[in-house]
Amino acid sequence: MASSTKARRDWIGSAIDQYQARLIRFASRITGDVESARDVVQDTFLRLCREDLDLIRDHLPAWLFRVCRNRALDVRKKESPLQALDDDGISALEEPGVGPHARLEQDADARLVRAALDLLPAAQQEVLRLRFQEELSYKEISGVTGHSVGSVGFLIHDGIKKLRARLRPEEPARRPEGERADA
Amino acid sequence: MHEEPREEDLTAYALGELDGEARTAVEEVLARSAAARREVEEVRAVAARLRGTFASVPPEALTPAQRAAVEAEAAREPRSRRRSWSIAAALAAGVAASLVVVAVTFVPLRREALPRVYQGNQPLTYEPPHIARPAPAPPPKAAQRMSNEAFEKLKALGYVQGSPDGFEQNALSKDVDEFARSSAPFNTEAYDHIRDNAFVLVAQDPRSTFSVDVDTASYSNVRRFLRDGQLPPKDAVRVEELINYFPYAYEPPTGAVPFAVHMETAACPWKPTHRLVRIGLKGREVPRGERPQSNLVFLIDISGSMDAPNKLPLVKAALRMLVAELRPEDRVAIVVYAGAEGLALPSTPVADKAAILSAIETLSPGGTTHGSAGIRLAYETAAANFIEGGVNRVILATDGDFNVGVTSAGELVRLIEAKRKSGVFLTALGFGMGNLKDATLEKLADHGNGNYAYIDNLAEARKVFVEQVGGTLVTIAKDVKLQVEFNPAQVKAFRLVGYENRVLAHQDFNDDTRDAGDIGAGHTVTALYEIVPPGVDIDVPGVDPLKYQPPAGRGQTSGSGELLTLKLRYKQPDSDHSARLDVPVEDSGQSFEEASADFRFAAAVAGFGMALRDSVYKGDASLRTSEAWARGALGEDEGGHRAELVSLIAQARRLAPNR
Numbered sequence: 007m008a009s010s011t012k013a014r015r016d017w018i019g020s021a022i023d024q025y026q027a028r029l030i031r032f033a034s035r036i037t038g039d040v041e042s043a044r045d046v047v048q049d050t051f052l053r054l055c056r057e058d059l060d061l062i063r064d065h066l067p068a069w070l071f072r073v074c075r076n077r078a079l080d081v082r083k084k085e086s087p088l089q090a091l092d093d094d095g096i097s098a099l100e101e102p103g104v105g106p107h108a109r110l111e112q113d114a115d116a117r118l119v120r121a122a123l124d125l126l127p128a129a130q131q132e133v134l135r136l137r138f139q140e141e142l143s144y145k146e147i148s149g150v151t152g153h154s155v156g157s158v159g160f161l162i163h164d165g166i167k168k169l170r171a172r173l174r175p176e177e178p179a180r181r182p183e184g185e186r187a188d189a
Numbered sequence: 004m005h006e007e008p009r010e011e012d013l014t015a016y017a018l019g020e021l022d023g024e025a026r027t028a029v030e031e032v033l034a035r036s037a038a039a040r041r042e043v044e045e046v047r048a049v050a051a052r053l054r055g056t057f058a059s060v061p062p063e064a065l066t067p068a069q070r071a072a073v074e075a076e077a078a079r080e081p082r083s084r085r086r087s088w089s090i091a092a093a094l095a096a097g098v099a100a101s102l103v104v105v106a107v108t109f110v111p112l113r114r115e116a117l118p119r120v121y122q123g124n125q126p127l128t129y130e131p132p133h134i135a136r137p138a139p140a141p142p143p144k145a146a147q148r149m150s151n152e153a154f155e156k157l158k159a160l161g162y163v164q165g166s167p168d169g170f171e172q173n174a175l176s177k178d179v180d181e182f183a184r185s186s187a188p189f190n191t192e193a194y195d196h197i198r199d200n201a202f203v204l205v206a207q208d209p210r211s212t213f214s215v216d217v218d219t220a221s222y223s224n225v226r227r228f229l230r231d232g233q234l235p236p237k238d239a240v241r242v243e244e245l246i247n248y249f250p251y252a253y254e255p256p257t258g259a260v261p262f263a264v265h266m267e268t269a270a271c272p273w274k275p276t277h278r279l280v281r282i283g284l285k286g287r288e289v290p291r292g293e294r295p296q297s298n299l300v301f302l303i304d305i306s307g308s309m310d311a312p313n314k315l316p317l318v319k320a321a322l323r324m325l326v327a328e329l330r331p332e333d334r335v336a337i338v339v340y341a342g343a344e345g346l347a348l349p350s351t352p353v354a355d356k357a358a359i360l361s362a363i364e365t366l367s368p369g370g371t372t373h374g375s376a377g378i379r380l381a382y383e384t385a386a387a388n389f390i391e392g393g394v395n396r397v398i399l400a401t402d403g404d405f406n407v408g409v410t411s412a413g414e415l416v417r418l419i420e421a422k423r424k425s426g427v428f429l430t431a432l433g434f435g436m437g438n439l440k441d442a443t444l445e446k447l448a449d450h451g452n453g454n455y456a457y458i459d460n461l462a463e464a465r466k467v468f469v470e471q472v473g474g475t476l477v478t479i480a481k482d483v484k485l486q487v488e489f490n491p492a493q494v495k496a497f498r499l500v501g502y503e504n505r506v507l508a509h510q511d512f513n514d515d516t517r518d519a520g521d522i523g524a525g526h527t528v529t530a531l532y533e534i535v536p537p538g539v540d541i542d543v544p545g546v547d548p549l550k551y552q553p554p555a556g557r558g559q560t561s562g563s564g565e566l567l568t569l570k571l572r573y574k575q576p577d578s579d580h581s582a583r584l585d586v587p588v589e590d591s592g593q594s595f596e597e598a599s600a601d602f603r604f605a606a607a608v609a610g611f612g613m614a615l616r617d618s619v620y621k622g623d624a625s626l627r628t629s630e631a632w633a634r635g636a637l638g639e640d641e642g643g644h645r646a647e648l649v650s651l652i653a654q655a656r657r658l659a660p661n662r
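First to last, the protein sequences are chains Z and V. When we follow the working numbering, the leftmost residue of the first sequence carries the number 7, and every step to the right adds one. When we follow the working numbering, the leftmost residue of the second sequence carries the number 4, and every step to the right adds one.
Hint data in this document are derived by calculation from the structure and do not stem from the laboratory. Yeah, the Cβ is synthetic: ideal placement off N, Cα and C, and Gly gets one too. Don't take each hint at face value.
These stretches of chain Z come out as covered by chain V in the derived footprint (C-beta under 8 Å, 3 or more residues) [unchecked claim]:
no., region
1, 18-28
2, 42-49
3, 116-123
4, 134-147
5, 153-167
In silico EDC-like pairs for lysine to aspartate or glutamate, Cα to Cα no more than 20 Å straight-line [what the hints assert, rightly or not]:
no., chain 1, residue 1, chain 2, residue 2
6, Z, 167, V, 641
7, Z, 168, V, 199
8, Z, 168, Z, 124
9, Z, 12, V, 74
10, Z, 168, V, 42
11, V, 237, V, 199
12, Z, 168, V, 44
Going by beta-carbon spacing under 8 Å, a handful of chain Z positions derived as facing chain V [to be verified]:
no., residue
13, 11
14, 13
15, 14
16, 15
17, 52
18, 55
19, 64
20, 174
Just chain Z, with the same shape it has in the complex (with noise of 0.2 Å):
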């Protein structure tokens, strides 16, 4: 089956079918825009094309979103060099897709998430949103990341409480700038 060049062509047509839009909402995270996020799914595809996807399939999101990480990250080195790989620069983008219309119609309470989340570190952000937006599992996100599975729980664990403090009813949502060191 993966020998027949049409059902690899096939196969690998369905991955981009199915994880496009998620790597390169993730890839623009890490550059700052979406161009260059296309070029870095692009190329993770081009590098999935060289494996055995025998090997790969079972394990694909983990494999292509590791990959896709590393090219972004590259990239994001490349153009400004003297930016640390996890400083806020990450998360300083907005959710790329929304325009402002749809940010009208977005409801309330996603904001408010939005919000307390924006106060967390962007390695923690990233990880959050790689276990609630992508679905990854802990092992999964140990791989894309490089993070012990050990630190992801630590992250995770940490990131919900944090939220859980910011989103309580009698707690404003905004802190001061300086509660992002204590993360």
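Following the hints, put chain V in place on chain Z, whose structure we already have.
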């Protein structure tokens, strides 16, 4: 693990990350600590809000030229690709693509991504075996910038050298992808047309008869569409399956009847002059320790169409989850079907878990689908290992794309019906997208004493095989039929909300040979009737006033104040004879706001379904009102399923602001 698990462990547990001993340890703590249970619930609540926040996927995609370049690369002969990968070939692929799509600024590749062969200023060699190329294209100048430094950097990141997949091979093969998202067209999916049940005048026909339905596939399918940024086709929205997706907090039965009946009446939120009656059934819970021994046959479609990231790998992950829930004395066999059917694993006790897991692991796709032969073999295997008084069940996992052999739904249904008499039950699991044959699978499950779920991601697999494993495996009552008789003194007309393809002829109610739906352990079944009280004009489409009939007849008990009587027929799982239950109901007269959270939530889901279907009966039900009703009825929301609905409705509103 410590006496008290660390906080992180509770979080990991709440997110479904623990298994084995770690999970058992947390469960022990949860059993005795209300604080720990609360903690887990709060973590899940935050998780649901995060998911809601992240739910929308922007419809970004590769440019056509970028995609063409990847597909050209994918189509290259694997052997030569691996032996002599060359940057030139990839470039030529890009060039070939850009010949079709005129794109001057097309930058197909980041050169550093392909460092293995191109080094420094070496001349580029072209060896693209399968790519037509009019003339050797000069390498873009960017290619010259490739540096060893970049290579080393990538190598340091673990990106280019050695076996980049090695790390996942062991660690990650357990968990597969969660969702299927795409903007691809769904042009080969098949849904049967659904016409909303109409209002029926009680003077014309005071009875309504239907079969229960615990299927939930329509909800997961609708969710897939919305998350993909598309409105689902109307016929993919089966309101009763949306309603029944959600657990409701109905009390379980205490007596000999295997389920409890809970009725509630309140004002109809989408038509305030109407009343809404909720019928709620709750199946007896069967704790894991009391579950009868199981004899399961997995029937796995390994045809070529299953070779997609969200199909066979997800099937494998789902089966691994199920095997983890089974007990050592349970048995599992695996039958595969494609070009030819075959027994991939003879019936094996779960005590030998390694053999089962390794058989699951080695499943690989190939061939075309010949469903009927596989189904026969699976039933034969189940019959050969039949456990008297146990759970005997075939679990079919497929995209339903039966395209060879017995392909007409009718023939398959007859085959399944014949097999049903053997006492073996069927669970149909739909996977994948694009060619999901929803109608075929639902019919199979309906006719095979079965249930049907659509599994679009790991979380859904967990719901079916972990959270509700008892209900999925253990049937506590079969052929459950409901007949409602309305009191003409209290009801002018009625309409059954949903259950369009479950409506039975009245005479089928007492006919024990007529198949009907089953209820699994702990399952809840919810049905809603919209009722027009006497004195309220029926300004609904499809109902003409009767010209010749006398006014509503008055039976002896019509003055009782009763609104209706619910009659139920059901069979014990191993019996061919039904028992009957009658439950009369009076209208409490309560307003919608006074109704229970379960009632209001079910009404919200119905409103959502009607809005998606753009039903002529939707009245004031819109996505906006449904969202408000749902938001006000979240209740305990264990598992965060209700919160998910709220975010899903919000997503639908973005797609269809006017529904």
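Can the region 18-28 of chain Z be counted as covered by chain V under the rule of three residues or more with Cβ-Cβ separation shorter than 8 Å?
The restraint on the region 18-28 of chain Z holds, since 11 of its residues have a Cβ under 8 Å from chain V and three suffice.
Check whether the Cα positions of residue 167 (chain Z) and residue 641 (chain V) lie no farther apart than 20 Å.
holds (18 Å)
The region 116-123 of chain Z covered by chain V? Criterion: 3 or more residues, Cβ-Cβ distance below 8 Å.
holds (count 4)
Hint residue 55 (chain Z) vs chain V: min CB-CB distance below 8 Å?
holds (4 Å)
For the pair supplied as a hint, residue 168 (chain Z) and residue 44 (chain V), is the alpha-carbon distance within the 20 Å limit?
holds (16 Å)
Quickly compare the C-alpha distance for residue 12 (chain Z) and residue 74 (chain V) to 20 Å and report which way the hint goes.
OK: residue 12 (chain Z) and residue 74 (chain V) at ~10 Å, within 20 Å.
Could you grab the alpha-carbon distance between residue 168 (chain Z) and residue 42 (chain V) and see if it respects the 20 Å cut-off?
Cα-Cα ~14 Å, so holds.
Hint check: 8 Å Cβ-Cβ cutoff, residue 13 (chain Z) to chain V
holds (7 Å)
Restraint check for residue 168 (chain Z) with residue 124 (chain Z), where alpha carbons must lie at most 20 Å apart
holds (12 Å)
Tell me if the interface restraint on residue 52 (chain Z) is satisfied: Cβ within less than 8 Å of some Cβ in chain V.
Interface hint status for residue 52 (chain Z): holds (5 Å vs cutoff 8 Å).
Mind checking the CB of residue 64 (chain Z) against every CB in chain V and telling me if the closest is under 8 Å?
This interface hint holds because 5 Å falls under the 8 Å limit.
For the restraint on residue 11 (chain Z), tell me whether the closest CB of chain V is nearer than 8 Å.
Where the cut-off is 8 Å and the nearest Cβ of chain V is about 5 Å from residue 11 (chain Z), the hint holds.
In this structure, the hints that do not hold are numbers 7, 20, in rising order.
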